[in-house]
Amino acid sequence: MNSLLDVIGSSIIGGIMYLLLFQVNSQISMTSIEILQSTFSSRNTVDAVTVLEYDLNKLGYRVAGDFITAAEENKIEFWSDIKNEDSTVKVLYFLGDSTEVSGTINPNDRPLYRRVADGDTQMVSVVRDFKITYLDSAYNKISFASLNNQANRNKIRGTRVYLRIESSEPSEGIYPYIEFKRTIIPKNLGRII
Amino acid sequence: MGKAILIVILGSIVLLSILNLSTNKHLNSDTQYSVDFYADARAKNIACSMTQMLLSQIADNLTYETVGTQQASLFGGTAEFTVSRVFFEGDSLTKVYVQADYFGKERTVTAYCKPGGWTPPFIRGAWTANADLDRTISDMDIDGRDYRLDGTIIPGNGVYGVSSSVSFFNTEDAEIGGTHNGVDYPMTFPENPDIIELYDWSGHFPESPDEILGYPEGTLKAIAQSGIGGSQYVKNPIKDGKSFTGFTYPLSGVTYLELDNGVEGEFLLKKKGNKGMLIVHGPNRSSRIIGIKYDATSDGVFTGLIVTDYSFHHHLDILGGVLQLSPNLEMGKNCNGNADHWVHYSSEAIIKATEIVAENSAYAGNNDWGGDNIFAGMGQRRYHVKYWYE
Chain A
0 MNSLLDVIGS
10 SIIGGIMYLL
20 LFQVNSQISM
30 TSIEILQSTF
40 SSRNTVDAVT
50 VLEYDLNKLG
60 YRVAGDFITA
70 AEENKIEFWS
80 DIKNEDSTVK
90 VLYFLGDSTE
100 VSGTINPNDR
110 PLYRRVADGD
120 TQMVSVVRDF
130 KITYLDSAYN
140 KISFASLNNQ
150 ANRNKIRGTR
160 VYLRIESSEP
170 SEGIYPYIEF
180 KRTIIPKNLG
190 RII
Chain B
0 MGKAILIVIL
10 GSIVLLSILN
20 LSTNKHLNSD
30 TQYSVDFYAD
40 ARAKNIACSM
50 TQMLLSQIAD
60 NLTYETVGTQ
70 QASLFGGTAE
80 FTVSRVFFEG
90 DSLTKVYVQA
100 DYFGKERTVT
110 AYCKPGGWTP
120 PFIRGAWTAN
130 ADLDRTISDM
140 DIDGRDYRLD
150 GTIIPGNGVY
160 GVSSSVSFFN
170 TEDAEIGGTH
180 NGVDYPMTFP
190 ENPDIIELYD
200 WSGHFPESPD
210 EILGYPEGTL
220 KAIAQSGIGG
230 SQYVKNPIKD
240 GKSFTGFTYP
250 LSGVTYLELD
260 NGVEGEFLLK
270 KKGNKGMLIV
280 HGPNRSSRII
290 GIKYDATSDG
300 VFTGLIVTDY
310 SFHHHLDILG
320 GVLQLSPNLE
330 MGKNCNGNAD
340 HWVHYSSEAI
350 IKATEIVAEN
360 SAYAGNNDWG
370 GDNIFAGMGQ
380 RRYHVKYWYE
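So the sequences go chain by chain: A and B.
For the record, in the first sequence the residue sitting at position 111 is 110 according to numbering that gives the first Met the number 0, with numbers rising by one throughout.
For the record, in the second sequence the residue sitting at position 105 is 104 according to numbering that gives the first Met the number 0, with numbers rising by one throughout.
Be aware that a few hints might be false.
Mimicking DSBU-like on lysine-lysine, the simulated pairs with C-alpha atoms at most 35 Å apart in a straight line are [what the hints assert, rightly or not]:
no.	chain 1	residue 1	chain 2	residue 2
1	B	Lys234	A	Lys82
2	A	Lys140	B	Lys351
3	A	Lys89	B	Lys104
4	A	Lys74	B	Lys104
5	B	Lys43	A	Lys140
6	B	Lys292	A	Lys154
7	B	Lys351	A	Lys180
8	B	Lys385	A	Lys74
9	B	Lys104	A	Lys82
10	B	Lys351	A	Lys130
11	A	Lys180	B	Lys24
12	B	Lys332	A	Lys82
13	B	Lys24	A	Lys140
14	B	Lys234	A	Lys140
15	A	Lys74	A	Lys130
16	B	Lys43	A	Lys130
17	B	Lys234	B	Lys292
18	B	Lys113	A	Lys180
19	A	Lys82	B	Lys241
20	B	Lys113	A	Lys74
Simulated from the structure, these hints should not be mistaken for laboratory data.
Please model the entire structure based on the sequences and the hints provided.
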């Protein structure tokens with residue numbers, strides 16, 4: 000009788016402990032996944048921003064003529080001696096279509112492309128949104144309509160970059176995201192008043 | 000049964016440990032990533048700040064160069080830097096190279112710079128003087144808000160409408176506007192009293208055009224005589240009627256008219272597009288211009304900075320600023336011809352006007368007026384970055 004009670008008792012206690020451990024394991028697994036997703040989004044954002052800043056800070060470096068040749072909400076084309084090699088090249092950033100992204104189940108993900116000179120188009124990052132606004136010498140926003148004109152593009156003295164990067168997989172039904180906003184005033188444009 | 004449960008528990012503990020280790024590994028990796036990012040940002044800040052500090056130093060001492068590589072501690076990191084003179088992109092420039100290090104993360108900045116245009120701190124108003132301006136301004140429209148060259152206004156960036164060491168009374172209903180504490184006041188009559196400044200210069204008001212820019216005496220005259228950028232120098236020219244002759248129009252660069260004591264006449268603008276610095280000066284601020292006007296070939300607009308000793312009858316429009324040096328301006332006559340003419344302060348126009356002198360004088364100009372207050376800000380505003388690579 001005592002043996003039977005021992006078996007039943009240890010089964011109950013063992014079962015409870017097992018359930019507790021299972022619960023803890025599940026929680027840790029879930030947290031780990033969320034951390035991984037967050038890390039991925041954060042690093043993706045930081046990497047994209049690093050590349051963008053690297054290029055935009057050099058905008059107009061050693062350029063004598065028109066320094067920005069396309070200024071749209073989701074696209075910028077500018078000139079710079081980006082590698083400091085005494086040779087100015089055209090740098091292009093633009094947002095692709097969501098159908099061009101694979102490996103993500105987030106339907107809103109779109110590729111952010113970068114092309115230097117006439118080289119290959121490379122994907123900088125997968126983003127939900129990429130927007131640039133353009134600022135004049137008083138840091139006022141220049142309307143996109145007026146930026147169709149090269150004379151108005153030559154009035155650009157700064158850019159305000161907005162990035163929204165979402166997780167590739169949803170967590171509890173929503174896609175966690177990170178937003179990035181930064182005003183970049185390329186110093187090379189300061190010489191032109 | 001007991002053994003089986005023990006195995007399950009031990010297995011779970013092992014699994015838990017593995018998950019914990021994995022999570023910790025990710026957390027450590029993230030922390031390291033953050034630390035690296037922070038260190039990189041810090042290194043960038045050190046490099047940029049050191050460069051700006053050097054630009055300021057160079058603006059105050061244009062002969063400053065380093066012998067070999069120098070090192071400084073900044074923001075918890077170190078910056079190694081060189082300052083040298085180079086010929087770059089077809090121009091003689093000062094090269095500043097800074098390599099910053101913060102906990103192993105390195106950033107570099109290379110800047111090529113030279114003196115550039117600026118707004119001298121003496122220009123406190125669209126019209127600045129050290130005397131009674133009531134009759135000189137008369138009913139001219141004066142606006143200290145900051146106009147761009149295209150006529151639009153840069154909000155909150157302007158100066159007083161009128162600034163003088165003597166109280167100004169708007170006796171002829173002039174419309175006056177300006178900026179005070181970052182607030183723009185459109186031209187009105189009566190004007191908002193905040194945009195009229197009564198300023199105590201405590202003996203620091205400039206006595207020569209060179210002093211306005213913080214230059215050694217004779218610099219502007221030498222630039223005018225050199226002819227750079229259309230500059231011209233004329234002394235006691237003959238007159239056609241009341242008007243001085245001998246100038247080439249449209250004016251550009253530095254136009255310097257030197258008049259001896261007792262010589263007076265009118266300055267007549269011709270053609271369109273007159274710009275730069277227009278200076279009329281004589282010994283001890285004695286020159287007298289009894290009219291600045293324009294003929295039928297001109298649009299009547301001067302873009303830049305006008306500096307005179309005594310001048311009266313300003314029958315023209317000015318985009319930039321006016322500064323009068325004489326302590327004795329007109330006190331008896333009336334001016335009825337400047338109604339509907341205007342002075343619009345424009346930092347862009349003044350920067351353009353001072354640019355040619357800065358680039359050709361090798362002087363970076365002033366950032367204060369010799370007193371304790373500093374108005375023009377850090378030196379890099381006077382020492383301009385032409386090329387920046389980071």
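Report the numbers of all earlier hints that the structure fails to satisfy, in ascending order. Of the numbered hints, 1, 12, 13, 14, 19 do not hold.
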